[in-house]
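Engineer: Okay, here's what each chain looks like letter by letter:
Number of protein chains: 2
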Amino acid sequence: MISHQIHLASRPIGMPTAANFKQVDVELPALKEGQVLIKNTWMSVDPYMRGRMMERKSYIPPFEIDAVMEGGAIGEVIESLNPKFPVGSKVSNISGWRTHFISDGADLTLLPAIGIPEQYFLGVIGMPGLTAWSGLMKVAKLKPTDTVFVSAASGAVGMVVCQIAKLHGCTVVASVGSEEKAELVRGLGVDAVINYKTVTNLTEALSAAAPQGIDVYFENVGGEHLEAALNVMNDYGRIPVCGMIADYNAASPIPGPSNLMMINIKKLTLQGFIVIDYFDQFDEFAAQMGQWLMEGKVKSEETVYEGLANAPEAFLGLFEGKNKGKMLVKL
Amino acid sequence: MISHQIHLASRPIGMPTAANFKQVDVELPALKEGQVLIKNTWMSVDPYMRGRMMERKSYIPPFEIDAVMEGGAIGEVIESLNPKFPVGSKVSNISGWRTHFISDGADLTLLPAIGIPEQYFLGVIGMPGLTAWSGLMKVAKLKPTDTVFVSAASGAVGMVVCQIAKLHGCTVVASVGSEEKAELVRGLGVDAVINYKTVTNLTEALSAAAPQGIDVYFENVGGEHLEAALNVMNDYGRIPVCGMIADYNAASPIPGPSNLMMINIKKLTLQGFIVIDYFDQFDEFAAQMGQWLMEGKVKSEETVYEGLANAPEAFLGLFEGKNKGKMLVKL
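Protein chains in written order, with our numbering: chain A, 14 to 344; chain B, 14 to 344.
It is possible that part of the hints are untrue.
[Unchecked claim] Here are the simulated lysine-lysine pairs, DSS-like style, with alpha carbons at most 27 angstroms apart: (1) B/Lys154 - A/Lys154; (2) B/Lys103 - B/Lys343; (3) A/Lys312 - A/Lys103; (4) B/Lys179 - B/Lys310; (5) B/Lys156 - A/Lys70; (6) A/Lys337 - A/Lys151; (7) B/Lys151 - A/Lys154; (8) A/Lys151 - B/Lys156; (9) A/Lys151 - A/Lys179; (10) A/Lys179 - A/Lys312; (11) B/Lys45 - B/Lys97; (12) B/Lys156 - A/Lys154; (13) A/Lys35 - A/Lys335; (14) B/Lys154 - A/Lys151; (15) B/Lys97 - B/Lys52; (16) B/Lys151 - A/Lys151; (17) B/Lys35 - B/Lys70; (18) A/Lys312 - A/Lys154; (19) B/Lys156 - B/Lys312; (20) B/Lys310 - B/Lys337; (21) A/Lys310 - A/Lys151; (22) A/Lys179 - A/Lys156; (23) A/Lys156 - B/Lys154; (24) B/Lys343 - B/Lys97; (25) A/Lys343 - A/Lys97; (26) A/Lys312 - A/Lys156; (27) B/Lys151 - B/Lys312; (28) B/Lys151 - A/Lys156; (29) B/Lys70 - A/Lys156; (30) A/Lys343 - A/Lys103.
[Unchecked claim] Derived coverage of chain A by chain B (criterion: at least 3 residues anywhere in the stretch with Cβ under 8 angstroms from a Cβ of chain B; other residues may be distant): (31) 63-72; (32) 250-258; (33) 270-284.
I should point out that these hints are in silico values taken from the structure, not numbers from a laboratory. In this text, a Cβ means the ideal position worked out from N, Cα and C, and glycines have one as well.
So that you can see chain A by itself, here it is in the shape it has in the complex (with noise of 0.2 angstroms):
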């Protein structure tokens, strides 16, 4: 059996290009008694995995040139040596960037049997919506009178950002970079859009968008997001810090928001989190996301590029704002 897969080829500096991957055929030994072959379906490509190229200390370790991209997947079982996961199993695994692989069981998660489509574990009821939800409902405590401002609200994490806090009451101000994105979140029921892409002043429109201020900023972007955010925040605001995807491909360093002393004069609070921190806390967001998909107040929304030799153009899209919803690869 041969396994199609991408590897890490060098590390970018600046926005990456498709020379940055190279595609390998890995012939698979035979399987051993306990070990399961995994065909993937489909596999994930996320923002993070940009900190992940380069040779840094960070919350998870670098990828390693010339191995596996890793990340996020969803397969089927195609042949068994281990009771737990018979022939045909739905797993969910992180074997990333591959068509298939062996493992001994031990970092595959079978998908539970609701009704939901198999991708929505790479998404909504995955990684990024359990970043979504543990950011708002963990980190920053959502409140029903919180007015939300998100950026890159379209996202993966952004979309069900919307949705969960509108779940909860909040007035919501989404942030998105085309007119096709700001139909999508109006969609998700946010009661205002800003497309940043056409605003000449941000603070301006922001405001004009949120009179009331803005009590949770959920940062997925940085640079000009963050500033007005940060002129726009009530007293006692909270910045649930997600990412910054405005500085992830910055080949030398940006300069920061002019007005962080509004940390200090409207006495905010920003919090950096990674999801692996709430990975403990995944039943429980399941739990909830389970129902409201199955109860359909919850909707997913996903970009798709077709096979393996695709992925490096569905991950570099991430930073040119190709996706709407979940970036996935169908295997």
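Once you've looked at the hints, dock chain B against the given chain A.
Structural biologist: Chain B only, in chain A's frame:
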């Protein structure tokens, strides 16, 4: 009775100058029933007053043009029609930059007779001391195992931060702007001192001073200090944001650090706070600080200007690093 006063003459852009102030003599009326006449003996100049010179929404209203510069002062009752404040009473008050004023007593606090020099109630056991204590104990929730970094460590707040952290068993790294100030904070028992004006790379200097990393950064300065702290913070570090004096006199906005992504990567918490929110805990603080002072466990340091006319110079000196410890004006 004439009250000599310093009024705000105009709002500064960038660094204030003597021209932003003017001295005014005001004839005080005769006392009414319930009133007292106070002769101020000490007045305080503090960095936060720079913010009040600007016309902007903040946690405290702006100073008004042609009105007295408000602020903390210590005075003595020299005439009294209020039995709660007999002649000779020593009181702390917020009457600001003036030699005399009339009060009905509502804004006066009697100084306890605990053998502490009266001007300490403007410093180490006053607002700056409470700021240091609340930032460390209430915001950062200091633990004995913490390594604490404090900028502007020889200032009124910073020198108390150093001492409270050492009294709790912490390792303390202090940043100051001169050799003389370095000597002062060494005398407070800190573990390492950085004279930031003599180092070429603050991140490297901080890293060398705290190879174990920083758990709590007490932020008084902003700019390069925040950048270095973000680089050297440990995971889950806490940053109580007390002020960012580097920005106060900027005529045009100064960009923030380019490494704010560290907030996310290291799961840091930055929390702005204002001492006003902790006034209700003053008694708890003062009981502790009073004991430390009486036991000689906390030292005070003062820089004193003489005479009301020198108050603007004392205030401007705060932004030129002219104070060691609390900057005071003796009236």
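Engineer: Work down the list of hints and note, for each, if the structure agrees.
Structural biologist: Comparing the hints with the structure gives:
1. For the given pair, B/Lys154 sits about 19 angstroms from A/Lys154 by alpha-carbon distance, which is consistent with the 27 angstroms threshold.
2. A C-alpha spacing of about 15 angstroms is found between B/Lys103 and B/Lys343, which places the hinted pair at or below 27 angstroms, so the restraint holds.
3. Between A/Lys312 and A/Lys103 the CA atoms are separated by roughly 22 angstroms; this keeps the pair inside 27 angstroms, and the hint holds.
4. A C-alpha spacing of about 10 angstroms is found between B/Lys179 and B/Lys310, which places the hinted pair at or below 27 angstroms, so the restraint holds.
5. Our distance criterion of 27 angstroms between C-alpha atoms is met by B/Lys156 and A/Lys70, whose separation comes to about 25 angstroms.
6. Taking the CA atoms of A/Lys337 and A/Lys151, the gap is about 26 angstroms. The hint holds against a cut of 27 angstroms.
7. At most 27 angstroms may separate the alpha-carbon atoms for a hinted pair to count; B/Lys151 and A/Lys154 meet this at roughly 19 angstroms.
8. Distance restraint check for A/Lys151 and B/Lys156: the Cα-Cα separation of roughly 23 angstroms lies within the 27 angstroms cut-off, and the hinted pair is therefore satisfied.
9. For the hint pairing A/Lys151 with A/Lys179, the CA-to-CA distance comes to about 16 angstroms; that is within 27 angstroms, so the pair holds.
10. Annotation: proposed proximity of A/Lys179 to A/Lys312 holds, straight-line Cα distance about 12 angstroms (limit 27 angstroms).
11. A threshold of 27 angstroms between alpha carbons decides the hint, and for B/Lys45 with B/Lys97 the separation of about 15 angstroms falls inside it, so the pair holds.
12. Proximity of B/Lys156 to A/Lys154 is assessed by CA-CA distance (about 24 angstroms); at most 27 angstroms being required, the pair is judged to hold.
13. Our distance criterion of 27 angstroms between C-alpha atoms is met by A/Lys35 and A/Lys335, whose separation comes to about 22 angstroms.
14. About 19 angstroms separates the Cα atoms of B/Lys154 and A/Lys151, which keeps this hinted pair within 27 angstroms; it holds.
15. Taken as a hint, the B/Lys97 and B/Lys52 pair is honoured in the structure, with Cα atoms around 17 angstroms apart against an allowance of 27 angstroms.
16. Proposed proximity of B/Lys151 and A/Lys151 is supported: the alpha carbons are some 20 angstroms apart, at most 27 angstroms.
17. Distance hint between B/Lys35 and B/Lys70 is fulfilled; the C-alpha atoms sit about 24 angstroms from each other, no more than 27 angstroms.
18. For the suggested pair A/Lys312 and A/Lys154, the alpha carbons sit about 23 angstroms apart, so the restraint of at most 27 angstroms is met.
19. Among the hinted pairs, B/Lys156 with B/Lys312 is consistent with the structure: their alpha-carbon atoms are about 22 angstroms apart, no more than 27 angstroms.
20. Our distance criterion of 27 angstroms between C-alpha atoms is met by B/Lys310 and B/Lys337, whose separation comes to about 19 angstroms.
21. A threshold of 27 angstroms between alpha carbons decides the hint, and for A/Lys310 with A/Lys151 the separation of about 21 angstroms falls inside it, so the pair holds.
22. For the proposed pair A/Lys179 and A/Lys156, the alpha carbon gap of about 11 angstroms is at most 27 angstroms, so the pair holds.
23. Taking the CA atoms of A/Lys156 and B/Lys154, the gap is near 24 angstroms; set against the 27 angstroms cutoff, the hint holds.
24. Distance restraint check for B/Lys343 and B/Lys97: the Cα-Cα separation of roughly 26 angstroms lies within the 27 angstroms cut-off, and the hinted pair is therefore satisfied.
25. Under the criterion of a C-alpha separation no larger than 27 angstroms, the hint pairing A/Lys343 with A/Lys97 is consistent with the structure, at around 26 angstroms.
26. Only pairs whose Cα atoms come within 27 angstroms are accepted, and A/Lys312 paired with A/Lys156 is accepted, the gap being roughly 22 angstroms.
27. A distance of roughly 22 angstroms separates the Cα atoms of B/Lys151 and B/Lys312; the hinted pair therefore holds under the 27 angstroms criterion.
28. A C-alpha spacing of about 23 angstroms is found between B/Lys151 and A/Lys156, which places the hinted pair at or below 27 angstroms, so the restraint holds.
29. For the proposed pair B/Lys70 and A/Lys156, the alpha carbon gap of about 25 angstroms is at most 27 angstroms, so the pair holds.
30. For the given pair, A/Lys343 sits about 15 angstroms from A/Lys103 by alpha-carbon distance, which is consistent with the 27 angstroms threshold.
31. Counting residues of the stretch 63-72 of chain A whose C-beta sits closer than 8 angstroms to any C-beta of chain B gives 3, which meets the bar of three, so the coverage hint holds.
32. For a cut-off of 8 angstroms, the count of residues in the stretch 250-258 of chain A with a CB near a CB of chain B stands at 4, and the three-residue condition holds.
33. With 15 residues carrying a beta carbon less than 8 angstroms from a beta carbon of chain B, the stretch 270-284 of chain A meets the three-residue requirement, and the given coverage holds.
The earlier numbered hints are all upheld by this structure, with none contradicted.
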